[in-house]
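Trainee: Please build the complex by placing chain A on the supplied structure of chain D, with the hints as guidance.
If you're matching them up, the sequences are chains D and A in order. Just so you know, we're using this note's numbering here: the first sequence kicks off at 1 and counts up by one. Just so you know, we're using this note's numbering here: the second sequence kicks off at 1001 and counts up by one.
Derived from the structure by calculation, the hints contain no laboratory data. A virtual CB, placed ideally from N, CA and C, is assigned to each residue, including glycine. Check before you lean on any hint, since a few could be wrong.
[To be verified] Only part of the chain A face toward chain D is listed, based on derived beta-carbon distances under 7 Å:
id, residue
1, A1017
2, I1035
3, Q1040
4, R1047
5, F1067
6, A1068
[Stated by the list, open to error] Chain A stretches covered by chain D per the calculated footprint, using a threshold of three residues with CB under 8 Å from any CB of chain D:
id, segment
7, 1005-1015
8, 1018-1030
9, 1049-1060
One-letter residues, chain by chain:
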Amino acid sequence: MATNPAPARSDQPGRWWQVARPRRPAHLALLALIFAGLAVYAWVVAAAAPFSRGALVGVVIPGAVVGLVASVRPPERIPPPAELDMIGMSYWVICLAVFFEWEASAWRDSSWPWHPSFTNLIDPLLGPHLVKTGAILVWLLAGWALVRR
Amino acid sequence: MPPIPTRAITIAGFAVAVVAMIVLEILARRPGSRIPTVGQWLGYLMRPKIGRALVLAGWWWLGWHYFAR
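So that you can see chain D by itself, here it is in the shape it has in the complex (with noise of 0.2 Å):
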C-alpha cells in the first residue's frame, strides 16, 4: 500500500475534496491576490512568440524562482510515503513505459503528419492565447506544488 506516515490534510487520497483546514479572510485574499499576479503573469509570458527572448525569460524567472525557494528556503513540504506499494507503482510504470515508448517511435520516425509525436498534437492546441494563458498558469502551479514536495 501506499503508505504515508503522517500525511497532509490536503493529500489523502479519498479524502482530497475535504479541503478542510480553514482559512482566514486574509490569507484567502493573499492567495487570490497571488493567484490573480500569476494569471497575469502567464498571459504577458503567452503573449510572447516562440523563440523569442521574451518566451525564455518568461521561463527562466519561474525556474529560477523554484529553484531558488527549494534550496534557499523550501516551504513546509508534504511529507513523502515512506515506501510505494511496488504493484500498484507498476501500474505507472507500464503507462508511463507506453506513453514514451510511444513518443521515441514518433520521433525516431519524424515522418508528421503520418506519425505525429505529442507534441507536434499539444502544439496546435496551445494556439489560442486564452489556452496557452492556462496552460502557462498550470505550468507554474505545478511548480509551487512539486516545491512543496
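Mentor: The following block gives chain A in isolation, referenced to the frame of chain D:
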C-alpha cells in the same frame, strides 16, 4: 472497410496512454487504494536531493519545450 490511417493510430495510442493515467489517478484517490497518486510517487522520487533536482529540472524543461519554443 477503408484502411485506418497511421495518424489516427498514433493519436489513439497517445489518447489511450493519457486516459489510462487519468483513470489511474482517480483509482489512486479511492480510500485504501494500493496505487499511489502522482503526488505520492513524485514525493517519493523527490526524497533524495538528486531526485528533487531532476524532477524540478523536468518540470522546467516542460515549460521551456511547450512555451518558449
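Trainee: Now tell me, hint by hint, if it's right for this structure.
Mentor: Evaluated hints:
{"no.": "1", "hint": "A1017", "verdict": "holds (4 Å)"}
{"no.": "2", "hint": "I1035", "verdict": "holds (4 Å)"}
{"no.": "3", "hint": "Q1040", "verdict": "holds (5 Å)"}
{"no.": "4", "hint": "R1047", "verdict": "holds (5 Å)"}
{"no.": "5", "hint": "F1067", "verdict": "holds (6 Å)"}
{"no.": "6", "hint": "A1068", "verdict": "holds (4 Å)"}
{"no.": "7", "hint": "1005-1015", "verdict": "holds (count 7)"}
{"no.": "8", "hint": "1018-1030", "verdict": "holds (count 7)"}
{"no.": "9", "hint": "1049-1060", "verdict": "holds (count 5)"}
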